[in-house]
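Since the structure of chain R is already known, use the hints to place chains U and V on it.
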Amino acid sequence: MLHIVNKSPYERNTLESCLRLARKGSKVLLIEDAVTAAVRGGDFAAKLGAAMELMEIYALVPDLAARGLKDRVLPGVRLVDYGGFVDLAAENKPVQSWL
Amino acid sequence: MTDFEDYGDIPAKRFMFVNRKAPYGTVYALEGLEVVLISAAFDQDVCIAFMDDGVFQLVKGQETQTVGMKNFSPTFRALEGYDIEKLYVERESLALRGLSEADLLVPVQVMDSAELGALMAEQDVVISF
Amino acid sequence: MKFGLMINEGPYTHQASDSAYQFALAALAKGHEIERVFFYHDGVNNATKLTEPPQDDRHIVNRWSKLGADHGIDLVVCVAAALRRGIREENLAKGFRISGLGQLVESGMQADRLLVFGD
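Chains as they are written, first to last, in my numbering: chain R, 1 to 99; chain U, 1 to 129; chain V, 1 to 119.
Chain R extracted, bound-state conformation (with noise of 0.2 angstroms):
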C-alpha cells in the first residue's frame, strides 16, 4: 500500500498518523510540505530513519526543491520526480493520502 503524506511534521501529528499506522512493506511517499521531514538533522530525521527499517520512504525531488531542500536529504530517503509518483500509485493498492 502507498501512503502519501503533504503535511510538515512540524506542523502536523499526519506523518506521525501515517507511520502508526502503515504495515511493514508499505510504501510513503512525502510531497508539498512533508519533504521538509526528510531533512538530514532535523528533529523527525531519526522517526523516519526508525521507519526506513521497516518500510521505504520516498521524497518528490521538484517540492525539495522548490524549498532549497535537495541537497540536504537523509540517507536512505528514496528520491523520485512526478513520474515516479505515477508508477508509486500505480504498484501498489491502496492508496491513502493522509490529509
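What the hints contain is simulated information worked out from the structure, not anything from laboratory work.
Think of the CB as a built atom: it goes at the ideal place given N, C-alpha and C, for glycine as much as any other residue.
Any given hint could turn out to be false.
Cβ-Cβ distance ranges computed for the label pairs, FRET-style [claimed, not checked]:
| hint | chain 1 | residue 1 | chain 2 | residue 2 | range |
| --- | --- | --- | --- | --- | --- |
| 1 | U | Ala-118 | R | Gly-49 | 23 to 31 angstroms |
| 2 | V | Lys-66 | U | Glu-63 | 25 to 33 angstroms |
| 3 | V | Asn-91 | R | Arg-40 | 41 to 49 angstroms |
| 4 | V | Lys-66 | R | Glu-11 | 30 to 38 angstroms |
Okay, now just chains U and V, sitting in the frame of chain R:
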C-alpha cells in the same frame, strides 16, 4: 443528483472513509459524511474509520445552537439505516484525547493502530477527510 | 491504468491542485488515463471562470480546462459543495461540469486508483 446507472458488471469495491478532523472548525467532517451517505446508494463495501481528531465527531452531547451551525452528529445514528455499520475507532486516538467508548454516540468497533492499519491496507479505495 | 483524481482545496491557497495537475501530466506522459477529476470542498473554486491570476503566474483554472479538452478528462464539480460556495453554471469555466457526489463514488469504482489531493 446521483446517476442511478447499472453498475451490475462491476464487482463491489472496499471503500474506507478516514475521518481525522474535529467537527465544526472545518467543513471536512460534514462534507465527508455527505460522501459516506451517497456511497450507500452504490452497494459498495463501505467502512468508516475515525482517528486523531476525527474521534471528536462521535462525541455525545454536541450542542451547536450558540455557534449557529447545524448539528450533524445525529446523522451518525442514521447510518445503520443506510446499511453502513462498520464504524472503526482507533483506541490510541481516543485515549490520547481523554475519551472512551462510553463517550461516543453510536456503537463502534474500537481497535488499535495495527489492526486499523491492517484493515486500511485491505481496501480498494481509501478517501481521507 | 485508469486514474481518478479528487481535489479538495481551492487554487493558489493550497498546493493540492498544482500537485494533482503535475501528477496528471506525468501519468498521461506515461500512457495512463485520467478518467475523471472530481472537485470537492473548496476544490470547487478551481472551476470558476472569474479567476484572473497575475500575468506572470500560472492559470490554474484554464490549465485544467485545456488538459481536460486535450485528453478527454471528465472535470466534475460537486453540486452541493459548489452551490455552498457560489459556483454555478453561469460562472463555470470551460470543460467543467456540475454533478452529484455519486460521480466521486463512481470514479472510485471505475478507476484502478483514486488519488486524493487536499490540505
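Evaluation of the provided hints:
One distance hint, 23 to 31 angstroms for the beta-carbon pair Ala-118/U and Gly-49/R, holds here, with the actual separation near 24 angstroms. Take Lys-66/V and Glu-63/U: their Cβ atoms lie about 48 angstroms apart, and the range 25 to 33 angstroms is violated. For Asn-91/V and Arg-40/R, the hinted distance range of 41 to 49 angstroms is satisfied, since their beta carbons lie about 47 angstroms from each other. The supplied range of 30 to 38 angstroms is met by Lys-66/V and Glu-11/R, whose beta-carbon atoms lie about 34 angstroms from each other.
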